[in-house]
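Participant: So the chains spell out like this:
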Amino acid sequence: MTGPDPALKYVLRELGPPAREFYRRLDAGELATTFCAACERFSFPPRERCADCGEELAWRPLSARGSIYAFTAQERGLRFTAPDVVGIAELDEGVRVFGVFDDRLEDLAIGLPVEIHLRRDVPGMTLLGFKVIPE
Amino acid sequence: MSAFGSERTLRCAVASWGSTTVGRHPGRTPSELGFEALHKALARIDLPPAELEGLFIVPHGYARAQAPLRPSRVTEELGLSTRALVEVECGGASSLLAFKAACQEIATGQIEVAAVIGAQSERRLYEDGMDEGDLDRVYLLASMMGSYVAPYGVLTAVSCYALSAQRYMHEHGVAAEEIAELPVRLRQHAALNPIAEQREPLSVEDVLASRMVCPPVHKLEAPPWSDGGACVIVASEEWARRRGLEPVFLTGWGEAHDSANFVAFEQGLTSFPWVRRSTEIALERAGRHLDDLDIAEIYGAFAASELMTYEAMGFFADGEAPAAVARGETAIGGRIPINTSGGRLSLGHPPQATPLLEMQEVCQQLTGDAGERQVAGAAIGLVQAEHGVMNGSAVAVLEI
Chain H
23 MTGPDPALKY VLRELGPPAR EFYRRLDAGE LATTFCAACE RFSFPPRERC
73 ADCGEELAWR PLSARGSIYA FTAQERGLRF TAPDVVGIAE LDEGVRVFGV
123 FDDRLEDLAI GLPVEIHLRR DVPGMTLLGF KVIPE
Chain A
6 MSAFGSERTL RCAVASWGST TVGRHPGRTP SELGFEALHK ALARIDLPPA
56 ELEGLFIVPH GYARAQAPLR PSRVTEELGL STRALVEVEC GGASSLLAFK
106 AACQEIATGQ IEVAAVIGAQ SERRLYEDGM DEGDLDRVYL LASMMGSYVA
156 PYGVLTAVSC YALSAQRYMH EHGVAAEEIA ELPVRLRQHA ALNPIAEQRE
206 PLSVEDVLAS RMVCPPVHKL EAPPWSDGGA CVIVASEEWA RRRGLEPVFL
256 TGWGEAHDSA NFVAFEQGLT SFPWVRRSTE IALERAGRHL DDLDIAEIYG
306 AFAASELMTY EAMGFFADGE APAAVARGET AIGGRIPINT SGGRLSLGHP
356 PQATPLLEMQ EVCQQLTGDA GERQVAGAAI GLVQAEHGVM NGSAVAVLEI
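Protein sequence lines correspond, in order, to chains H and A.
Residue numbers for the first sequence follow the numbering used here, beginning at 23 and rising by one.
Residue numbers for the second sequence follow the numbering used here, beginning at 6 and rising by one.
Just so you know, the hints here were simulated from the structure itself, not pulled from any lab data.
Certain hints may be false.
As the list claims (entries may be wrong) - Computed beta-carbon distance windows for the label pairs: (1) A:A180 x H:E62: 34 to 42 Å; (2) H:G133 x A:P73: 21 to 29 Å; (3) A:Q379 x H:A60: 56 to 64 Å.
Using N, Cα and C, we set each Cβ at its ideal position, and we do this for glycine too.
Construct the complete structure from the given sequences, taking the supplied hints into account.
Facilitator: In structure tokens:
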């Protein structure tokens, strides 16, 4: 495909500064979000300032491991097909992120350990992929 | 107290209401449906359109593209001059927030009477396919899910509701059969409602045998994307009395909005304290308790989310709504009849009109005009609406 997926047109147009930085870091191979040193807390989505104390937030890398928090399969998604299994992983730091699963729906269960990798095969943006870690 | 928590405001009345049938209206524009509802509401109290001092509308749909400045186009079509004119947008809560905007104009004495209209008609776009322009609009629509969900091609909120439903079932040990009981109960209400889209009897087996749209959500646990329009006429108490009407009064308003957009990454997917907060604020201002309510219409766009809303509002303890529904506590004649209209799942769901359809149901119940669905002696009711995936909640307490 040449140029970004048309399904991404409005998504890309409206990315704010923290989102641009989040995806710039993913492009560079780093999964990270913002952390408030004063409140000692991660925020996801990443933000420029802490909503509680107003401090400017710093970026901090996240582990690439976690567990399945929730998952579903889209009957008709705009980007992924067969399978289009998407969901939320809870990382070891407690941060929850959205991603697309490599595994089939029937092989997933809440709580299973997953590793998080970068999906660079989708044009326009680097995204998060989840894969169940075998016992 | 007063509806908006200030003693320096006037009491607002819902003077009239009207709607189209809910379902399929192919070839009819959203404005056409909205105007049908408006003229029904006006005719009910014999009010000429020219007496309206304000007009409060909402966008005319989701997938259907809309040019700016629709309020002006609508007044031109109606031939209406007003002193208050605005379009209000906040997802599924839009028309309830438009109602609030109208009431605030009246409560502060700016105007005495206004119409609130919500309508949409875009089912055809989904059923007959879309042209290039429609598809572009769908890309725009899907981008509402923001920078961390939309890039994954999540097409509709159904996926987000499914994730929430899965967590609810997991955390509270709720079985699929228990979720499926709710659509069955709502269908029993809809069977008695002449404007409802889906009125044929339904069984738990039917629900579980319906297509798995987005696991664990079955097709019959999701609302139809209906066409329909609804309108309420709001006025000051004095205006209503002057015309000899027996209106329904707004006695309490509450709203609370969380910071999450669709997927509540930080808050989790099964806890909605802002839904409870909006309910508490509205009831406190009305000087009422949850137990005082005779009837409630709750947004509940999906079976599991509706059950979670019952719990979040405080009607039942966490995880206990399915059993209460199965015991008939929310049925007509039950402890607290909820969604006697048939709810979103069976009345049908045109989101831009839904909160006003809910309000119409409560007003009909409170004025003894609900026909076979009538809850005997209903005097105090509640309307609740949400936006996103229960990311925010608005509540109106209505009384005769």
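Participant: It remains to establish, for every hint, whether it holds in the given structure.
Facilitator: Hints, one by one, checked against the model:
no.: 1; hint: A:A180 x H:E62: 34 to 42 Å; in the structure: holds (40 Å)
no.: 2; hint: H:G133 x A:P73: 21 to 29 Å; in the structure: violated (48 Å)
no.: 3; hint: A:Q379 x H:A60: 56 to 64 Å; in the structure: holds (57 Å)
When held up to the earlier numbered hints, the structure conflicts with hint 2 and nothing else.
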